[in-house]
Each structure stands twice: as structure tokens, then as C-alpha cells.
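4 protein chains.
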Amino acid sequence: MKKINIGIIGLGRIGQIHFSNLKYCIPNANLVMVADPQKAGEFNGVPIGTAEEVINHEKIEAVVICSPTDTHSVYIEKCALAGKDIFCEKPHDLSLERVVCTLESVKKAEVKLMLGFNRRFDGNFKKIQQLVAQNKIGDPTILKITSRDPGPPPLEYLKSSGGMFMDMSIHDFDMARFIMGKEVEKVYASAGVFSSNDVKEAGDIDTAIITLTFIDGSMAVIDNCRKAVYGYDQRLEVFGNKGMAQIDNNKHDTHLFFDQSGSHGALPLDFFMDRYVDSYKNEMERFVEALCKDEPVPVNGQDGLEAMMIALAANLSVAEGRPVMLSEIMK
Amino acid sequence: MKKINIGIIGLGRIGQIHFSNLKYCIPNANLVMVADPQKAGEFNGVPIGTAEEVINHEKIEAVVICSPTDTHSVYIEKCALAGKDIFCEKPHDLSLERVVCTLESVKKAEVKLMLGFNRRFDGNFKKIQQLVAQNKIGDPTILKITSRDPGPPPLEYLKSSGGMFMDMSIHDFDMARFIMGKEVEKVYASAGVFSSNDVKEAGDIDTAIITLTFIDGSMAVIDNCRKAVYGYDQRLEVFGNKGMAQIDNNKHDTHLFFDQSGSHGALPLDFFMDRYVDSYKNEMERFVEALCKDEPVPVNGQDGLEAMMIALAANLSVAEGRPVMLSEIMK
Amino acid sequence: MKKINIGIIGLGRIGQIHFSNLKYCIPNANLVMVADPQKAGEFNGVPIGTAEEVINHEKIEAVVICSPTDTHSVYIEKCALAGKDIFCEKPHDLSLERVVCTLESVKKAEVKLMLGFNRRFDGNFKKIQQLVAQNKIGDPTILKITSRDPGPPPLEYLKSSGGMFMDMSIHDFDMARFIMGKEVEKVYASAGVFSSNDVKEAGDIDTAIITLTFIDGSMAVIDNCRKAVYGYDQRLEVFGNKGMAQIDNNKHDTHLFFDQSGSHGALPLDFFMDRYVDSYKNEMERFVEALCKDEPVPVNGQDGLEAMMIALAANLSVAEGRPVMLSEIMK
Amino acid sequence: MKKINIGIIGLGRIGQIHFSNLKYCIPNANLVMVADPQKAGEFNGVPIGTAEEVINHEKIEAVVICSPTDTHSVYIEKCALAGKDIFCEKPHDLSLERVVCTLESVKKAEVKLMLGFNRRFDGNFKKIQQLVAQNKIGDPTILKITSRDPGPPPLEYLKSSGGMFMDMSIHDFDMARFIMGKEVEKVYASAGVFSSNDVKEAGDIDTAIITLTFIDGSMAVIDNCRKAVYGYDQRLEVFGNKGMAQIDNNKHDTHLFFDQSGSHGALPLDFFMDRYVDSYKNEMERFVEALCKDEPVPVNGQDGLEAMMIALAANLSVAEGRPVMLSEIMK
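Protein chains in written order, with this note's numbering: chain A, -1 to 329; chain B, -1 to 329; chain C, -1 to 329; chain D, -1 to 329.
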């Protein structure tokens, strides 16, 4: 069995998930070294070095980047220079210019770059994408995504997040492209602040409805909220001339309790760490598999760029109160 | 359009349902006269007579009997003698001997007799029966019926009801035969009193699990309770070598409400008057249709007799703590 | 019991529903005369006259108008002049000017005018409205309505329908106001023709996503399609800071069938005649009740006007590719 | 952190699940040695010895027994003699006498013995047990368990399995005691062979309905089948005077697809290896935790004995066609 030697930069919440999956669950991955400024010595039996040491480690073939967003582009460029394949958490970068530059470097270096849109690897979403790909839906004309968080992140995070569209909705923008299999042409976003003073203080929004128009005129609508009191809400529905498919939210259990006031069921899974636990594992498996077989990665740099442009168009749409063409964003 | 001239005996709760359906919803029924000792003059435009006058009215071709159970056999016999077709509410009678006698008279008079097992005409149950009849389930080997009332009837009613098996479970016994399309051979019933002092005082039971074994060895299990705090509960599931089908309980509405404690749905429809409103109309339509076309009625006297024998076997099973063969009942 | 003497103008599909409900199900309604150019003599025991005769019949206190849309305004004005209370099917009229004029006449004559937005009287939608009114949802910030027809109407109908927004979506616009209990300020609609050549020939659209912004910044999104192959689809979801509520579509039955390929459930109820059968009865009951008690009708002329303005704004939004303020419509 | 040194005997399907959980997911477990006659050297980094070497390894404190059923009693006794705590897969043994003897040895040696009724640690079943324990259901009077396998095991396995009640239903018998929190007094079982020639050849049954009566008269009914074409079916419902709770079967995903023939959902999870993957992990965690804290194990030898007696009573009930008291089994 071919094994890929891998390094990780960043052992925060997501970094540790990738660590655990690569170390315990993916047989053809071999963790060689990890980097995290908060940690020293070794982490669960893997030596800790600096980011530079990981990138330039002669045995390491691929680097998983889970460091803060503002370091992504730098590390990607260094990995490209060092000829290493790359997995990078979303978002690639908050600056469109930097993303474009970085993608150039990646292209020139002929290394692979996979973006961490993990939801594509969730069994539920994948099922819907397959139904579309198998032409069960016919031509998909309406896509509806509901994506609501249980609560907003802390103020500090909000301030450097790039805004709700770039930080949170970007997953839904990628999902829209993934399910529909077409490119977005126009974006109209309507938004407000209803649920959180922190969000207001950060100058951000917390609630939005975004309409995407694809190049063939078909449409998607996404509703987002930073705070759903009943918990994490991740649903989707796609409609076409041959049928409609939807996925329901994932719950803690399947119980129903009936008493004098009606029926009562379980809460949704708490947040992305619970809901998407399998998708994180699946995406890393697919990354390692693509490297082993020298195949294209399933989510590439262009996918990251497209989702980012939709987020920027949504920002502009809210600012100017009008639909925005994606062509306006990429001048 | 052929019209059938009909009389009704008994304008209690069920009698009024049949009245309303026959008068307003079934175009080929013509209500000629009704009888009810509590009423005089006319009822919603239909003249009121005595039971005798209804039975012997020269224009009346068919009589719908909704009077108290202990009068059923007498009225059936009189109708048979008068050559009138008969619809009779369940149970036919509490005495097996009287039922057998009455069926003889009906047979001799060559009139039609339909028993009021209205649930056969409920859209949900009918759908399951059709799936079985269309061989979608394959050979049905397990049938499960849940049938729970929201609360027990008053003590007075309980005392003259013939017991839970004869009064309430008899619908489920008929349903078991209807869905499985086979005859029952053996009955084992386990029962207790858990929910009501009235039931105890009446010497009855209020909770039971009854296992029916059919002549080919396939099985049905029925669970009954006189009191479900969450309301009327009517569900069914049938399993065979090609598949399984089930119906869920009917609710007031389809709403789901989600808050910090989970999801919350509507209560079931209150009781048989709500849940089976359509089935009462459908059964009467089918009765009138059978008369118009001179076809066999969809639920006949033998169906009533079979369900009754199962109820008697269940009584004996509880009394003696052993499975009882149906052949023991009909010596 | 007070009885209201009522006349009906128009005995098409909807007119006959109202006829049947008023005649057989609403005890304090008394049908005096009906009018329909295709019919003569009497209809199920009620004499047939001309529209003029109905409006001017000295016994008739209220008129139910179910004639073609282009006659609504004329009949409303005549009823107002004759001092008769009015129930009018939607849409009131295709011309905003005429609607405004007519409402003036109604106001001057001090008669009641109720518009036939029957969905407000559907048990499912009503339940959601109650949850909002009881503050279970908190401040509602996102409303989502799915409203899809099983198939488009015939070309002839399409040509004179006023377009999808005025003919079909208008129910959803009214629903949005009903559930949210607020006025709409801005409309953005994205639309296309995907499902039907007739629709294209009529110069109409068949698929749309409409975003409504209310005066407080909260939002609604409606997705419409003239043709859903799986049948009539009527769902709704409202989200606020205290919770979320949704209603599912209504199906023929509750059965689920499980075989080697998965689970399989029933189709939705066929179309509005099945799905909204109770709501038609309930709305007529509420109309008659409002007359009996001399109370305001639950859906008045202003409600019709508001929904119409949203439809006109949606038309303009599609034509000009921009969000449209309602204030632009009512100059 | 206290760590428990553990050995495993048997690395078949279940043994490998326990291996993987103990090695990778339970931090306070330390795998010292494993035994399997088919394997030599080391298994994923853990040295392989004989069963004797594992039991008598001086560092090993607890032994997990996953070897064939006919070796369980011998190994348990040896572990007890060696003073090791024990986790043993179900069934403990096919001979009641041997089980009783073994439990004596365990008691005398004052070691812990936990039986592998893993379903108690499934999140869905646990939720129902908690609702009962929290008195949300009130006094539970009816328990219904549906437990159907996707297909029968091979003929060879069937021949030495001890029969369906001992091999398969035993999980449901334990579940009934777990949920109800009471002891079973009487068993009535009705059974047949409908789905498999192998089963017939093995002299076994493949379909059964078993009614359990508890010491307070409350009841449970279990329906079992060795072959459900739609897959593994594990559901449960408990009813009491305060409410009812149920769990639905677990499916591959939450998708629903709607087309012209209705709605279509996913298949159930394939079999126990998928459905109970978490429960295997949870039970091992609880075993290790009980050892660390020196607490009683959550499922002990007596639990195994009780479930076994119910299975024997069910066998006798089918053989003699009558309800059997548990007191008849344990003479």
C-alpha cells in the first residue's frame, strides 16, 4: 500500500480533527511532523516543528494547512515553491488579489491544492448531488439551502472573519455550485442584524437571504442566520423538471415522545464538529487518495475562488441594494 | 340514476353521522323515514316514525340500524322478514347464539346484511390492504396493530359493552382479517387493568396484547389500551417476504415547532368521530352502491361473526391463561 | 339563530364549492338565488337568476362573486350601490386603478368586502400564524414559502390570467403578510420559463424566487413553479429569535412502504380543490359569521390591494432586473 | 489518568471492533496482548499470544472475551481464577447449568463480569430508557420491540447458534428488561419458518412474536424475523400512563426524493456493524470506566442469566404451545 507522508500546520480545533483522522483512520497517510506555535515536543507521538520545518521536511510530500486565515496564502506559496501538495482550510484568503496570485504559484509549481469545503463529503449532501448527477431531478431549476448556526462566534473572531458571507455562507456558495454543477452569474443578497450585538459591533450582518442566478437562468436561494435557538440547521432542497430531493437536518437521536401536548423530538446535532465529523474524515481520505493515485483533487483552488467571488458579490449587493454580476467582481 | 330509499333506526352519535352522509353526500340515497324514541315530528326535513314503521314502510328498501346493541338482532330479523336490506352497526350482538340465528334468517330471506366495520373504508388502512392485495408485501407473516383510545367510556356504558375485546378490539380483529385476507385459528391474549377505576369496577380490562395465529401460521399482534394520554392512536404495520408497509397516526396538522428543547408536533385527531369521518361516509357509499348494483356488500354477516369469535376467544384466553383455538368457540 | 340570505354569481369550479358549503354545511346561511349564464331554472333546489337579479334581490343581504376576474369590479360596485355585503374571489381585478376605485365605492357604501384568500383558513397555515401571534417564534425574521402547482393552466387561461405573480403567487404574497403580520416594503424577483411552452407562448414565466423585505428589515422568500411533477406542493417555514415552525405538505395518506430500494410514501394531495377543501368551507363560515355578528371580515379589500401591489412590484422587478419598492407601485 | 491493562481473546469481527476501540478511542485503556489462533506475531502493534498467556499475563488486569461461544465459560472461569476482570460477548453459554456454575466462580473470585449487550449503549435506546427512568412515560405498561435482521446467518452458524431466541432475540429480551426496569415472569412465543430453507434445515425458526409478562402484569411484545428484505430493522416503543416514546430505525441518510410515484427515502443502515458502531465503543468505554472507578459494571452476569432464561422459556413455549413461567426454567 502506497503511503503519503504528511505534515500539518496548525493544531487548533480543525487541525486536531485532521490530525486524528490522518493518524488513526486513514491507513495510507503517514504523519511525519506537525507545527503549532502553542505546542512543543511531540503531539500524540508526532514530532512538532515549525511551519518552515514542516514545509521543507524532505520526507513530507503534502501539507495540511489549518493555521489562521491570514497565513494561508503565505504557506500555500511556500509549499508550492517546495513542491509539496497542499490541503488548505477555507477560506483561502480574504483578499481576492492574493488568492489569484497564489493560484498562479500553485499552477506554476504543478502541485495539487485542495480547499477544505468539507460539506461536499457529508453523506446527506453527497446523496443529493448524486441524484442530480444521475439526472433523477432532471434540469435543476431551484435550489434551496438553509444554513443556520446555533450562535455567533466571539467578537474578536467576527472582527477578523471577513464577514458572514465570507466566513459562513461561503460553504453554502460552494454547496450551490457543487449541487447544481453550473456557474453562478448574478447575486442578490438581502441582509440584516437581528440576533446579536457583537455582530452589530463588528459591523457585520447575522441574517440573510441570498438569491443566486446561474448562467442558464436557474436559481438558488440560501437563507443564513448566525443564531438559531434550536441549534445547528443544515438542510437543502433541489427541484427540477423530473423531481425534487431534500435532506432533513441531522438530530441527536430518532426518538419521538408523545404526551398531552403533542409529539416531541430531539434537538439537531450541536454544531459542525458533530454534524460534519464524518465529512472531515471523508474529505481527508479523498485528499490522500487523490495524491496516491495522482488524480485531480475533488475541490480545487478555482472552486475556492468561485465561492469567494460569490461572497464578495453578496457583500456588494447588500452595500448597494442591487443584484451584482459576478463579472463585476473579477474585473 | 338509480336511488335507494332508506330508513334509519337510531339517531344517536353514529346514527346522525349516517343521516348526514345519506342526506347530503350520497346522491343515490333517498332518506324516507327515521326512527328514534327520543325524537318526534321530523329530523332535518325527514319524517320520524317508529322502528316498526321504518321497517315496514312500503317505499323503504334498506334500513340502517344504529340503535343500542341489544336491539340489533331483533331489528335485523324484522328487516329480513320484511325483505329489506340491512346495514347494522357493530357489534351485531353480544350473544353468539343470537348472531348465528340472525344470520340464518338473513340468509333465508335473501336480503343483504352489511356490518359497520367502518375502518375498512379509511383511506390509510385501505391503502395497506391494497398493497397486500397487490402482492407488494409478498406473503404477509407479521401484522401489528396499535389501537388505543384517548379515554374509557363511562361506567354505565362499560357495564353493558360486552367487555373491551367485544366493544373496542373487535374493530382490530376485523382489521386483522381484512389486511391479512386469511382466517384466524388461535388467539392468545394477555391483559390487565392499569388506567381506570371504572374499568376495574365494571370487571373489565383496559390494556391488552393479543396474538392471533392464522391458519397458515402467520401472525398478528394487537396492542390495545382504553386510555392514551396523548390521544387516539391508530396505527398498523404489515411485514412479508417482499416488503413492509405501515401507516402512521393521523394528526391535527403537519406543523413542527423547533425551540431550545427540540421539535414539537401536533396531537393526533381526537377520537373516532374525527379520525374516521371519511370512513363513515365511504362505507355508506359502498353500502348504497352495493344495493344499486345488486352486488355483495363489502362486509357481511360472516365477517361480523368471525370478529366476534376472536373476541370471545380472547376473553377465554385471558380467563384461562392459555392460547385458545377458534374452533373451541364455535362448538 | 340568525340567518344571512345569500346569493352567488358564477357557478364555475369555485362557485360550486361555495354553493355546496353554503347550502349544506353552514347552518346560518340561506341561499336565495344564484346566477350563471350557462345555467337556467334552478341549481340543486336554488332558483337561478341573472347577476342583476341576484344583486338587487330584496331578500339577499350578501353576494358571493365567483364570476370571471374582469367582471369582479363591476359586480362589487353594483353590490356596494345596492348596499349588499360582498365576498369576492381573488384577484379583485387586474387593474390597480380599478381596484382603488372599487374600494372607494365599498367604503362609501359602508358594506363589507371580503377577498377570497382561502389559504388563511387552512388548518396548517393557521397553526403557523397562531404560533407567530402567540410569540412562540419571537420576532419573525425569515419566512420561507414553497408554492408549486402540479401543472400550468391552459394557454387560454394563461393569456388572461394577469401573469403568474398576479394569478398564482398572489396567494403567497397574501400568506407572507398574514404570517408575518407586517407590511412589505421591497420586492426582488428572479424568474424564468423552464417547464412549459404554453407559458412561453403566453409571454409569462413559470418559475420564480421572490424575496420580500418587510418594513422592519425582516425577510420572506417565496419559490414558485407552475409544474412540479410530484404534484401540488404547499409548504411554509417561519424563523425567529425564539424558534422556528414549519408545515409539511399534505399527502393522500400516511403510508410508508419499505422494500429493497428504500422507503416509499404517498403523493401530495392533487391540487387546490383537494388540499384546500376545508379552507374553502372555513372561509365561508367566517364570512357568514362576520355578517351575523356585524364584525369586520377577516380578509378585506386592503388585503387584496396589498397583495396585488406586491405582484405588480414583482413583475417590475423581473422586467428591470432590480429590487422594487412598493412605494413605486402606488404612486 | 489511570489506565487499565487489557487483553483480548478472539479477533473475529467483534473482537476487531473492540480492539480498534480500545486501541484508538479509549485513552484509559492499554492493550497489552491479544490472542487468536488464526493470527501470530503482532496485530496492529500489539503482541499476539495464546489465550492462556493473555489470561495469565502479569500486567493484564482485564480480559475481553470474543472467542466462539462454547469457549466463553472456560475462559471466564480461568480469568476468575486468575483474578482478572472480564468482558464477555453474548451469549455467555448455551447451557444454563454452565452459566450458573460460572457465575458462582466469578462471585467467589470477586472479579467483575460484564456481558456484551451492546444495544443498551446505543444512543436511541438509551434515550428511551432515560425517558422511562425520568418517569416521563409514567408506569410503563406496554413495550413493543421490532427486531429484524436483513438475512439469516449461514447454515453452519445456525446449527451451533442455540436457536433464534438464544442467538438473536436474546438482545431484545435484555432490552425489554433494560427499558422496563422489571423482571419477566411469563413468556408466550408464537413462531414459524417462512423465509429460509437453511433455517428449516437447521431445525430453527425465523419468525416469531413473543409476549413477555412482567411481575407487575405489564407487558412487552417482540417481533423478530431473520430476513427483512428492506434491511436491518431496529425499533422500539414504550407506552405508559403519562406518555409514549418510540425510536425510529436508523437510515443511511435523511434524503427524500419526490417524483411522479411519490416520495422515496433511504434504506436502513445495513446491519449491526453499522447500526451499532457507536454502541460498541460506548459499552467498552463504560467497561473501562467501571474498572477505573471500581464501580459495578452496567451489565452483569445476572443480566445475562435472565435474558437466557427468557430465551429458554420462549423455546419451551413454542414447543408446547403454551405460556411458560420463568420459574419453570430455573428449577
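These are calculated hints, taken from the structure and not from any lab test.
Warning: the hint list may mix true and false statements.
Put simply, identical chains are the same to the list, so a pair is met inside one copy or across any two.
Claimed, not checked - Computed list of lysine-lysine pairs in DSBU-like fashion (alpha-carbon distance at most 30 Å, straight line):
id, residue 1, residue 2
1, Lys1, Lys157
2, Lys125, Lys240
3, Lys124, Lys180
4, Lys180, Lys198
5, Lys110, Lys249
6, Lys124, Lys249
7, Lys124, Lys279
8, Lys124, Lys329
9, Lys106, Lys240
10, Lys225, Lys110
11, Lys0, Lys106
12, Lys37, Lys198
13, Lys249, Lys21
14, Lys110, Lys291
15, Lys1, Lys180
Each hint tested on the structure:
For the homomeric pair Lys1 and Lys157, neither the shortest alpha-carbon distance inside one copy (40 Å) nor that between copies (43 Å) is at most 30 Å. Taking the shortest Cα distances, Lys125 and Lys240 sit within 30 Å of each other both inside one copy (17 Å) and across copies (25 Å). In this assembly of identical chains, Lys124 and Lys180 lie within 30 Å of each other by CA distance solely inside one copy; the values are 16 Å within and 39 Å between copies. In this assembly of identical chains, Lys180 and Lys198 lie within 30 Å of each other by CA distance solely across copies; the values are 24 Å between and 34 Å within a copy.
With identical chains, the CA atoms of Lys110 and Lys249 are never at most 30 Å apart, being 36 Å at best within one copy and 35 Å at best between copies. Proximity of Lys124 to Lys249 under the C-alpha cut-off of 30 Å is found in both arrangements, the shortest distances being 18 Å within a copy and 15 Å between copies. In this assembly of identical chains, the alpha carbons of Lys124 and Lys279 lie at most 30 Å apart whether taken from the same copy (14 Å) or from different copies (27 Å). Taking identical chains as interchangeable, the C-alpha atoms of Lys124 and Lys329 are never at most 30 Å apart, the minima being 33 Å within one chain and 49 Å between chains.
Taking the shortest alpha-carbon separations for Lys106 and Lys240, neither the intra-copy value of 43 Å nor the inter-copy value of 52 Å comes in at or below 30 Å. For a Cα distance limit of 30 Å, the shortest separation of Lys225 from Lys110 qualifies neither inside one copy, at 36 Å, nor across copies, at 44 Å. In this assembly of identical chains, the alpha carbons of Lys0 and Lys106 lie at most 30 Å apart only when taken from the same copy (26 Å versus 53 Å across copies). Taking the shortest Cα distances, Lys37 and Lys198 never come within 30 Å of each other, neither inside one copy (34 Å) nor across copies (63 Å).
In this assembly of identical chains, the alpha carbons of Lys249 and Lys21 lie at most 30 Å apart whether taken from the same copy (28 Å) or from different copies (29 Å). For the homomeric pair Lys110 and Lys291, the shortest alpha-carbon distance inside one copy (12 Å) is at most 30 Å, but the shortest distance between copies (49 Å) is not. In this assembly of identical chains, Lys1 and Lys180 lie within 30 Å of each other by CA distance neither inside one copy nor across copies; the values are 35 Å within and 54 Å between.
Violated hints, in rising order: 1, 5, 8, 9, 10, 12, 15; the structure is consistent with all others.
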